[in-house]
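Going line by line, the protein sequences match chains A, B and C.
As numbered in the working numbering, residues 6 to 245 make up the first sequence, in order.
As numbered in the working numbering, residues 1420 to 1665 make up the second sequence, in order.
As numbered in the working numbering, residues 49 to 692 make up the third sequence, in order.
Read the hints as simulated data drawn from the structure, not as lab findings.
Check the hints yourself; a few may be wrong.
Straight-line alpha carbon distances no greater than 30 Å define the calculated BS3-like cross-link-like pairs of lysine-lysine that follow [what the hints assert, rightly or not]:
no.: 1; chain 1: B; residue 1: LYS1498; chain 2: B; residue 2: LYS1566
no.: 2; chain 1: C; residue 1: LYS81; chain 2: C; residue 2: LYS598
no.: 3; chain 1: C; residue 1: LYS75; chain 2: C; residue 2: LYS159
no.: 4; chain 1: C; residue 1: LYS581; chain 2: C; residue 2: LYS356
no.: 5; chain 1: B; residue 1: LYS1430; chain 2: C; residue 2: LYS545
no.: 6; chain 1: B; residue 1: LYS1425; chain 2: C; residue 2: LYS598
no.: 7; chain 1: B; residue 1: LYS1509; chain 2: A; residue 2: LYS122
no.: 8; chain 1: C; residue 1: LYS81; chain 2: C; residue 2: LYS676
no.: 9; chain 1: C; residue 1: LYS519; chain 2: C; residue 2: LYS90
no.: 10; chain 1: C; residue 1: LYS598; chain 2: B; residue 2: LYS1430
no.: 11; chain 1: C; residue 1: LYS310; chain 2: C; residue 2: LYS676
no.: 12; chain 1: C; residue 1: LYS519; chain 2: C; residue 2: LYS545
no.: 13; chain 1: C; residue 1: LYS75; chain 2: C; residue 2: LYS581
no.: 14; chain 1: C; residue 1: LYS598; chain 2: B; residue 2: LYS1421
no.: 15; chain 1: C; residue 1: LYS90; chain 2: C; residue 2: LYS524
no.: 16; chain 1: B; residue 1: LYS1421; chain 2: C; residue 2: LYS361
no.: 17; chain 1: B; residue 1: LYS1566; chain 2: C; residue 2: LYS545
no.: 18; chain 1: C; residue 1: LYS81; chain 2: C; residue 2: LYS63
no.: 19; chain 1: C; residue 1: LYS310; chain 2: C; residue 2: LYS524
no.: 20; chain 1: B; residue 1: LYS1509; chain 2: B; residue 2: LYS1566
no.: 21; chain 1: C; residue 1: LYS545; chain 2: C; residue 2: LYS598
no.: 22; chain 1: B; residue 1: LYS1511; chain 2: C; residue 2: LYS361
no.: 23; chain 1: C; residue 1: LYS159; chain 2: C; residue 2: LYS685
no.: 24; chain 1: B; residue 1: LYS1511; chain 2: A; residue 2: LYS122
no.: 25; chain 1: B; residue 1: LYS1498; chain 2: C; residue 2: LYS598
no.: 26; chain 1: A; residue 1: LYS122; chain 2: B; residue 2: LYS1498
no.: 27; chain 1: C; residue 1: LYS63; chain 2: C; residue 2: LYS545
no.: 28; chain 1: B; residue 1: LYS1421; chain 2: A; residue 2: LYS122
no.: 29; chain 1: C; residue 1: LYS310; chain 2: C; residue 2: LYS81
no.: 30; chain 1: C; residue 1: LYS430; chain 2: B; residue 2: LYS1430
no.: 31; chain 1: C; residue 1: LYS75; chain 2: C; residue 2: LYS63
no.: 32; chain 1: B; residue 1: LYS1509; chain 2: C; residue 2: LYS361
no.: 33; chain 1: C; residue 1: LYS685; chain 2: C; residue 2: LYS310
no.: 34; chain 1: C; residue 1: LYS75; chain 2: C; residue 2: LYS90
no.: 35; chain 1: B; residue 1: LYS1566; chain 2: A; residue 2: LYS122
no.: 36; chain 1: A; residue 1: LYS55; chain 2: A; residue 2: LYS245
no.: 37; chain 1: C; residue 1: LYS540; chain 2: C; residue 2: LYS598
no.: 38; chain 1: C; residue 1: LYS430; chain 2: B; residue 2: LYS1509
no.: 39; chain 1: A; residue 1: LYS122; chain 2: B; residue 2: LYS1430
These numbers were taken from a predicted model, which means no experiment stands behind them.
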Amino acid sequence: MATRPRPKTPSPAAGPLKRYRSSVGKKAVMAVTGAILVLFLIAHAIGNLKVFLGRQDFNHYSHWLRSVGEPAIPHRVFLTALEVVLTVAVLLHVWAAVSLARQARRARPVRYAARPKAHEHRYATHVMRYGGIVIVLFVIWHLLDLTFGAVNPKGGNAQPYDKVIADFDPSRWYITLFYVVAVILVGLHLRHGLFSAVQTLGWGRQRRYPAVRVVADVVAALLVIGFVSVPVMVTIGVLK
Amino acid sequence: MKLTLKIWRQKNAADEGRMASYEVDDVSPDMSFLEMLDVLNERLILEGEDPVAFDHDCREGICGMCSLVIDGTPHGPEKATTTCQLHMRKFKDGDVITIEPWRARAFPVVKDLVVDRSAFDRIIQAGGYVSAPTGSAPEAAAIPVPKADANDAFDAATCIGCGACVAACPNASAMLFTAAKITHLGLLPQGQPERYDRVVSMVDQMDAEGFGGCTNTGECTAVCPKGIPFETISRLNADLLKASRG
Amino acid sequence: MSELFTEGAPIQDTKAPDGPINERWDKRRFGGKLVNPANRRKLSVIVVGTGLAGGSAAATLGELGYQVKSFCYQDSPRRAHSIAAQGGINAAKNYRNDGDSIQRLFYDTVKGGDYRSRESNVYRLAQVSVEIIDQCVAQGVPFARDYGGLLDTRSFGGVQVSRTFYARGQTGQQLLLGAYQALERQIAAGTVTMFTRHEMLELIIVDGVARGIIARDMITGEIETHIADAVVLASGGYGNVFFLSTNAKGCNVTATWRAHRKGALFANPCYTQIHPTCIPQSGEHQSKLTLMSESLRNDGRVWVPVKKGDTRKPGDIPEDERDYYLERIYPSFGNLVPRDIASRAAKNVCDEGRGVGPGGLGVYLDFADAIARLGRDAVAAKYGNLFEMYERITGEDPFEVPMRIYPAVHYTMGGLWVDYDLQSTIPGLFVIGEANFSDHGANRLGASALMQGLADGYFVLPNTISDYLAKGPFEKIGDDHEAVVEAREAVKDRIEKLLSIDGDRTPDSFHRELGALMWEYCGMERTDAGLRKAIDRIRELREEFWARVKVPGENEELNQNLEKAGRIADFFELAELMCIDALHREESCGGHFRAESQTPDGEALRDDERFAYVAAWEYTGHAPVLHKENLEYEYVKMTQRSYK
């Protein structure tokens, strides 16, 4: 066959924003939004651990979140801004992920008969894609539960500390289990996500990979331990 | 050795294709994998059956023409080895071996195990070169190239364009192939003037061909017969981001 | 011998200017006519083959503005067999300040060719070599560099200067990718149209002038007509006539052989180069041979057992029962004698029944002494990748057991006859790279094939072809022109014939048998009686082929056995001509060793009185006609080689 003429590609003059619609651009969007979400999770985990300091400290911390910067910044503006940034980050992250997943699905219409052998981190694709969906569902539940209180036994108007204690009561062990499983999925997601972000943002080099992997694993593990410790401690009765 | 082969048979691009089973006796451990298929084909011809079509040429691991997914792994079980250099001593008597073509939308099957990889050529056409018309070259020694850069450029340039990276990638992405060329030319002074235009055009072409995106799993370098380093992908990413920032 | 061939009028290269040799290329370029850029767009050129010569030529002609059609049988132009060249590329840069010069490269090449090449061509090759390196570096070819960032070189093949530029053990690959990328750039620019998986099956000649090709689309089987103003063949060598060689499986003689049948003279077909260090055949199933770099002989010692048929393991054979035959026969050069001598010596000991390994076709290349002397690590640093490759193929670890090596065919110096402009005896048909005969005489030096391919493609042909194309515009030829129809029908008939025989032998079985025959009688050592026997057997076998071959399937599909059968049919005809050429050349020179022509101590003996000529053969359909081109040496004195 004569080589087919090259299909038309968008011209480079189409503007820098357009660049982020390429598969590599979308990955960059995922890396940056992912990084924002990781920073949030670190702060979130630290905040959660205040529950071990006691009811008063924890409730005070929760109140503080709404009054950061007062009176220079009006009540709850900081928190609202943070919520907006996080929402946009999540939406962009999911948009890029869905669009790349669809591209990948189209890219291999006929699958292999022999089960493809994993050589490196093949699991990551599944953990990221299917794990990602579970994480989104979890986050929705989590917001309904502990932020809005809609599915919390104490309802929306209770003090944060009470909501936590009631939520993970030993009788509700299955909720704890759900949280633990979801948080471990988040950990696996981060394990690959952190490494992947470094690679996507152009800093990956052969000599750095071992260190990047260790850092990603450690950060992911610490976050998992941090997040899991609260519900587990409540359920086994250490926190009351 | 006696083996059972499960081979993808497909008459042409329009045909649906199916797996077919063949028994091969008298396989010597000294045979190469392709020689084992030669033996099968000689028999099929004499039995009046259609021999199995597969791509191959140099049979010494450098032309990049051979391309079989053997038991789920492109180029088979041995690391850093093309199918043509894989030998039957890596298998055992009685083994059942599954042989399939590269699977990707951008690599349509031509017949049996033969696929069309011209998408790779079109990615190179999009910018995988230095514009240096014959006769225009300055004296070769005029621009020194640091040895380390020359070595890294060479490591990337050893890509044989076989497409195993695409075949192994869970997303059927051509990133490793594209990144190898971006890295090879991007590390050399001769490649600088076109460096950022090159990465933009080549990535656009890669997407336009219908390959998937990269999810950094590293399957590509794991099966690459030439061990093209994973960092080439990160270098491509860096160049593309720099080009995008304007 | 008159029943085998007849002698015709001598032939001459009329294009090479006279005068001082260093001014001839300038003189020719100035004397040749040019085509102005606006007219180039109206002229079309077909280039068959995309190796170093064809790829670089198509790209350069495209850059110049001609309409180019490029053809290759592989799925991409990047896969041409130039890619497998390991060692390097020679150039008279003299970066080492070690006394190299254009003159010295010229001298080494003429001498290395055993005084059977043309002085004018070789001198031009040496001149152009310098520009090749510049061109390749500008394209981004990652040559090896030293710590100062400057280009590194190494010495190669017995010459005394260090002039070989290299990219680890993959120089051919890197140079080819440079040419391939330049070609793809032109394809994107629209000056070159690429036809992959296409095989040229016939040359179209109109009024005595080459005007196009008939090609088969290897996927659909369509027989296509491609008309152009000039045709360039860059289709490589014919080493696969031996079935087992270091060539790629698809390498074939069909393009050049079809041109030969249409009137292009075929020069020196018997000159084949046999490389001494290849991995031996492991059994009947063997489909190709793999070359191991010659550099191994720097530290390895070659030996065989003293006793015939000694089946002990190499480690069990005591020192005094080993024959280090190269060191014994050639005390001053030892294991480093030139390729042809090392190859023949290996054949001799194996013929005596002292060969090792399967079938007794192999000799040991032993690194035990080097490992003891330099240490395992030093040997691994030098040869690690070669040892790995050897182990991958044989399953044996050269650190533990000596390697086994045996010679194999890997290059053919002969090819279509061309003049100084690289034009064949058919006007408008140009032949470049390994496909022509021009620069290597009877033996090619290491690292010179890459040099010649790129010299022809980048620099020589684009400059000389304009003199021919300046004659344009050429008459328009339609697909329905009588000569075109005839060529197309001939191709279709042949395919139909191959498919209709439906015999009981596979194409490969014939190819194997032909190869074995050629290796036995027209390989490393040739004799009058052997060659005559070979000619008879080839004729019988060819008849059998046309009566008993079984080609499965049909034309209108990807049919790899149909491709093979067509190529083998042409190899049969070539094989006969090779034997006739070898038979008529009753001297030994370079890669051609006639047992009847040797010195008392068994070395090759040239006969300059009778054979200092190029043998250019004309196809007749029966006994070919020999046209001699006399070789005169004004600048290099003919001497006899000695390596004792």
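Against the structure, the hints come out as follows:
1. B:LYS1498 - B:LYS1566: At roughly 28 Å apart (the allowed maximum being 30 Å), LYS1566 of chain B and LYS1498 of chain B satisfy the hint.
2. C:LYS81 - C:LYS598: violated, 51 Å
3. C:LYS75 - C:LYS159: holds, 25 Å
4. C:LYS581 - C:LYS356: Cα-Cα ~28 Å, so holds.
5. B:LYS1430 - C:LYS545: holds, 23 Å
6. B:LYS1425 - C:LYS598: Since the Cα atoms of LYS1425 of chain B and LYS598 of chain C sit roughly 25 Å apart, the hinted pair holds (cutoff 30 Å).
7. B:LYS1509 - A:LYS122: holds, 17 Å
8. C:LYS81 - C:LYS676: Cα-Cα ~29 Å, so holds.
9. C:LYS519 - C:LYS90: Distance ~12 Å between LYS519 of chain C and LYS90 of chain C Cα, so the pair holds.
10. C:LYS598 - B:LYS1430: holds, 20 Å
11. C:LYS310 - C:LYS676: holds, 19 Å
12. C:LYS519 - C:LYS545: violated, 39 Å
13. C:LYS75 - C:LYS581: violated, 48 Å
14. C:LYS598 - B:LYS1421: holds, 26 Å
15. C:LYS90 - C:LYS524: Holds, because 11 Å separates the two Cα atoms, which is no more than 30 Å.
16. B:LYS1421 - C:LYS361: holds, 28 Å
17. B:LYS1566 - C:LYS545: Given pair LYS1566 of chain B, LYS545 of chain C is violated - Cα atoms ~58 Å apart, limit 30 Å.
18. C:LYS81 - C:LYS63: holds, 13 Å
19. C:LYS310 - C:LYS524: holds, 21 Å
20. B:LYS1509 - B:LYS1566: violated, 38 Å
21. C:LYS545 - C:LYS598: Judged against 30 Å, a Cα distance of about 11 Å means the pair holds.
22. B:LYS1511 - C:LYS361: Between LYS1511 of chain B and LYS361 of chain C the Cα gap is close to 26 Å, so the pair holds against 30 Å.
23. C:LYS159 - C:LYS685: holds, 9 Å
24. B:LYS1511 - A:LYS122: holds, 19 Å
25. B:LYS1498 - C:LYS598: violated, 38 Å
26. A:LYS122 - B:LYS1498: holds, 13 Å
27. C:LYS63 - C:LYS545: violated, 41 Å
28. B:LYS1421 - A:LYS122: holds, 24 Å
29. C:LYS310 - C:LYS81: Since the Cα atoms of LYS310 of chain C and LYS81 of chain C sit roughly 27 Å apart, the hinted pair holds (cutoff 30 Å).
30. C:LYS430 - B:LYS1430: violated, 48 Å
31. C:LYS75 - C:LYS63: holds, 11 Å
32. B:LYS1509 - C:LYS361: With Cα atoms ~24 Å apart, LYS1509 of chain B and LYS361 of chain C stay inside 30 Å; holds.
33. C:LYS685 - C:LYS310: violated, 37 Å
34. C:LYS75 - C:LYS90: holds, 27 Å
35. B:LYS1566 - A:LYS122: violated, 37 Å
36. A:LYS55 - A:LYS245: holds, 14 Å
37. C:LYS540 - C:LYS598: holds, 17 Å
38. C:LYS430 - B:LYS1509: holds, 27 Å
39. A:LYS122 - B:LYS1430: holds, 27 Å
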